[in-house]
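Residue numbering for the sequence shown follows this note's numbering, starting at 1132 and increasing by one per position.
Think of the hints as simulated: they come from the structure by calculation, not from any bench. Here the structure is a predicted model, which means the values were calculated and not measured. Note that CB positions come from ideal geometry on N, CA and C, so glycine has one too. Just to be clear, a hint being listed does not mean it is correct.
[To be verified] With a cut-off of at most 25 Å between alpha-carbon atoms, the simulated PhoX-like pairs for lysine-lysine come out as follows:
#, residue 1, residue 2
1, Lys1156, Lys1197
2, Lys1170, Lys1151
3, Lys1225, Lys1151
4, Lys1208, Lys1184
5, Lys1187, Lys1151
6, Lys1185, Lys1151
7, Lys1156, Lys1188
8, Lys1163, Lys1208
9, Lys1215, Lys1156
10, Lys1197, Lys1208
11, Lys1197, Lys1170
12, Lys1225, Lys1184
13, Lys1188, Lys1151
14, Lys1214, Lys1188
15, Lys1223, Lys1195
16, Lys1215, Lys1151
17, Lys1170, Lys1226
18, Lys1226, Lys1188
19, Lys1195, Lys1163
20, Lys1195, Lys1170
21, Lys1156, Lys1201
22, Lys1215, Lys1185
23, Lys1159, Lys1225
24, Lys1214, Lys1185
25, Lys1201, Lys1163
26, Lys1187, Lys1215
27, Lys1159, Lys1195
28, Lys1151, Lys1201
29, Lys1197, Lys1151
30, Lys1214, Lys1163
31, Lys1185, Lys1201
32, Lys1226, Lys1159
33, Lys1159, Lys1223
34, Lys1195, Lys1151
35, Lys1201, Lys1214
36, Lys1214, Lys1195
37, Lys1195, Lys1226
[What the hints assert, rightly or not] Label pairs and their computed distance ranges (CB to CB):
#, residue 1, residue 2, range
38, Met1132, Leu1179, 30 to 40 Å
39, Lys1151, Lys1184, 16 to 26 Å
40, Gly1200, Ser1158, 14 to 24 Å
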Amino acid sequence: MNLYEHTIIARQDTSPSEIKQLTEKYSKIVEKNDGEIVKTENWGLINLSYLIKKNKKGSYIHFKLKGNGKIINELEKSELLDKKLLRFLTVKVKKFDLNTNFFSKKDEIGKKEDMKK
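Hey, can you work out the whole structure from these sequences and the hints?
So, in C-alpha cells, the structure goes:
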C-alpha cells in the first residue's frame, strides 16, 4: 500500500456543517476503494496567495491515507465535479508525520515547547 497526503480547499463561504459533509464524502470514497484514512485534519479558513475563482480565503481539509492509485483517481474525479472545492493536491510520501500539527495556534505551540523544557 502506498501512503498519500491529500489536501482539499473548499470555498470560503462553505459552512462548518458542509465542511463536515465534504470530509465524510471523501472519507467514504477512500473506504469504498479499500483504502484507509490514517488521520484527518481541518486546518480552517486560511488566506490564499492569490484569488481563486474570486475567493480570497479557503477552508483547508487534509487527509493522510493509505491505499493504491485507484483511490486517488476516484477522489480526483469526484473533486473535479464538486462546485464547493477550489483546489486539491495529492502527494505520495514515504512515511507520515503524525506528531507535528503545522496549523495549530501560536499559543498552543508555545505551551507545547514549555512542556518539553
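Hint by hint, where does the structure go against what was stated? Just the numbers, ascending.
3, 12, 18 and 31
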